[in-house]
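2 protein chains.
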Amino acid sequence: MEFADYLPIWGKLTPQQQERIAQAIDYRQVTKGTFIHDSSADCLGLIMVRSGQLRTYILSDEGREITIERLIDHDVCLLSASCVMPDMQFNIMIEAEKDSALWSIPACLFKELMGQSLAAANFANSLMAGHFSHLMWLMEQIMWKSIDKRLAAFLVEECALEETTCLKITHERIANHLGTAREVVTRMLRYFQSDGLVKLTRGTIQVVDLPALERLQRQEKGPAA
Amino acid sequence: MEFADYLPIWGKLTPQQQERIAQAIDYRQVTKGTFIHDSSADCLGLIMVRSGQLRTYILSDEGREITIERLIDHDVCLLSASCVMPDMQFNIMIEAEKDSALWSIPACLFKELMGQSLAAANFANSLMAGHFSHLMWLMEQIMWKSIDKRLAAFLVEECALEETTCLKITHERIANHLGTAREVVTRMLRYFQSDGLVKLTRGTIQVVDLPALERLQRQEKGPAA
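Line by line, the protein sequences are chains A and B.
Okay, so the first sequence: first residue is 1 according to the working numbering, each after it adds one.
Okay, so the second sequence: first residue is 1 according to the working numbering, each after it adds one.
Same shape as in the complex, but just chain A:
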């Protein structure tokens, strides 16, 4: 039962509760690009990422996107179980950004556990607090940070996630992460290139000066130029 290592409260559950989970848990492997969850259509349950990388995002009526969170191994996500939380009203999507493996505990079972187990209820609390903090951070970025700093932060994060400074990602895709237009990303990347921060070739962005991008993302106001 490898999944037990991915569920921090496992040891605090009763043998009966553990047994219920072991019977109901779903394991699946998905390829990059797989659409995993749409909270307007279903309620998947609690997701635990074993490997790979997932992205939670929202979509406007006009098809614009913005990334909310990126989940890697050992991350647990409650946003895919929004039906568990009575006051949760929003529509979040989840897709696999890389080939991924994940477990999910059905929403109805997790809800039942929250009603029986203090550990489960408080685990949900800490997950929600984490989701909330992250969303607050994101909103501060959107409100107070200019797009050059947000793009710098995205490139730094992407280098860490991909473990390379040669990023294979389209400008369109970056725009969808940041909730902006492709043209804005292209313009800013060209400006980064002229400043010696990146080198652009067809289909790739080579990060040339990672420390400079790290400095840029931390700056508080005004563009670097």
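The set of hints was computed from the structure by calculation and includes no laboratory data.
A quick note: this is a predicted structure, and the numbers were derived from the prediction, not measured.
All C-beta atoms, glycine included, are put in the ideal place defined by N, C-alpha and C.
Careful: at least some of the hints might be erroneous.
What the hints assert, rightly or not - No more than 27 Å apart at the CA atoms, straight line, and that leaves these computed lysine-lysine pairs for BS3-like:
| id | chain 1 | residue 1 | chain 2 | residue 2 |
| --- | --- | --- | --- | --- |
| 1 | B | Lys168 | B | Lys111 |
| 2 | B | Lys168 | A | Lys12 |
| 3 | B | Lys98 | B | Lys168 |
| 4 | A | Lys12 | B | Lys32 |
| 5 | A | Lys145 | B | Lys145 |
Claimed, not checked - Take a look, some chain A residues computed to stay more than 12 Å from chain B by CB distance:
| id | residue |
| --- | --- |
| 6 | Glu65 |
| 7 | Lys98 |
| 8 | Asp99 |
| 9 | Pro106 |
| 10 | Ala121 |
| 11 | Met128 |
| 12 | Phe132 |
| 13 | Glu140 |
| 14 | Leu161 |
| 15 | Gly179 |
To be verified - Derived CB-CB ranges, DEER-like:
| id | chain 1 | residue 1 | chain 2 | residue 2 | range |
| --- | --- | --- | --- | --- | --- |
| 16 | B | Thr14 | A | Thr14 | 17 to 23 Å |
| 17 | B | Thr14 | A | Glu19 | 28 to 34 Å |
| 18 | A | Glu19 | B | Ala41 | 54 to 60 Å |
Got chain A; can you put chain B on it based on the hints?
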């Protein structure tokens, strides 16, 4: 013990837990403009609003503001007890927008209750889910709605809260709610005036055509003009 009516889980607590709350609860009346909470400095606890109106907001390093939530009577706020939640890292401010009366349950006591009582833990869950949903709604507004629609929505909300169409509020104050610049608000209000939606006089905004503002706030894309 009037506060019991304001704490939905009161009936689900043990007599001992009720007694602890009754002894520790703090009641205070504050005048409009009073600064109630700064989560970088303290951790007030769970707030229950008896009357009046509070505003939770965040502040950038440069002094810009944006309103997160507005709390009225019977609202309960967990953001003022962020120390209770291990993964909550952000700095939220709370001020009284009107003369207000509120109770607060000390953070340490509420944390203790969350560790003992399933009702308390799941109440915290539902509060967090509510705060999260609201923040998600706000982010969608900021991302996908243009400022004219957000201003229309703010004026509609303000008329409801104040129970009047004659609003005594400065353009600066509205800008702080919406996280924009005063000039942007002034320009948009003049445009609303030329369109017959409001009438501007010194220190007041008279809403002339509330139904039109309500229609405007619901529109999905593009300015009304």
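Subject >> Beyond 12 Å from each Cβ of chain B, as asserted for Pro106(A) >> reply: holds (18 Å)
Going straight from one Cα to the other, do Lys12(A) and Lys32(B) come out at no more than 27 Å?
-> With Cα atoms ~47 Å apart, Lys12(A) and Lys32(B) exceed 27 Å; violated.
- Item | Agreement of Lys98(B) and Lys168(B) with the hint, judged by alpha carbon distance not exceeding 27 Å | holds (12 Å)
Please confirm whether Asp99(A) is truly not at the interface, meaning its C-beta sits more than 12 Å away from all C-beta atoms of chain B. At roughly 28 Å from the nearest Cβ of chain B, Asp99(A) sits farther out than 12 Å, so the non-interface label holds.
*Note whether the CB distance of Thr14(B) and Thr14(A) lies within 17 to 23 Å or breaks it.*
holds (22 Å)
Is it correct that the beta-carbon of Gly179(A) has no partner in chain B closer than or equal to 12 Å?
violated (5 Å)
Original post:
So does Glu19(A) sit 54 to 60 Å from Ala41(B), Cβ to Cβ?
Top reply: violated (47 Å)
Quiz item: Once the closest CB in chain B is found, is it more than 12 Å from Phe132(A)?
Solution: Violated, since 5 Å does not exceed 12 Å.
**Asked** For Lys98(A), is the shortest beta carbon distance to chain B beyond 12 Å?
**Response** holds (25 Å)
**OP:** Evaluate the given range 28 to 34 Å for the C-beta pair formed by Thr14(B) and Glu19(A).
**Re:** Because 30 Å falls inside the window, the suggested range holds.
Compare the distance between the alpha carbons of Lys168(B) and Lys111(B) with 27 Å, and conclude whether the hinted pair is satisfied.
violated (40 Å)
For the pair we were handed, Lys168(B) and Lys12(A), check the Cα-Cα distance against 27 Å.
violated (55 Å)
Consistency note: the structure conflicts with the earlier hints numbered 1, 2, 4, 6, 10, 11, 12, 13, 15 and 18.
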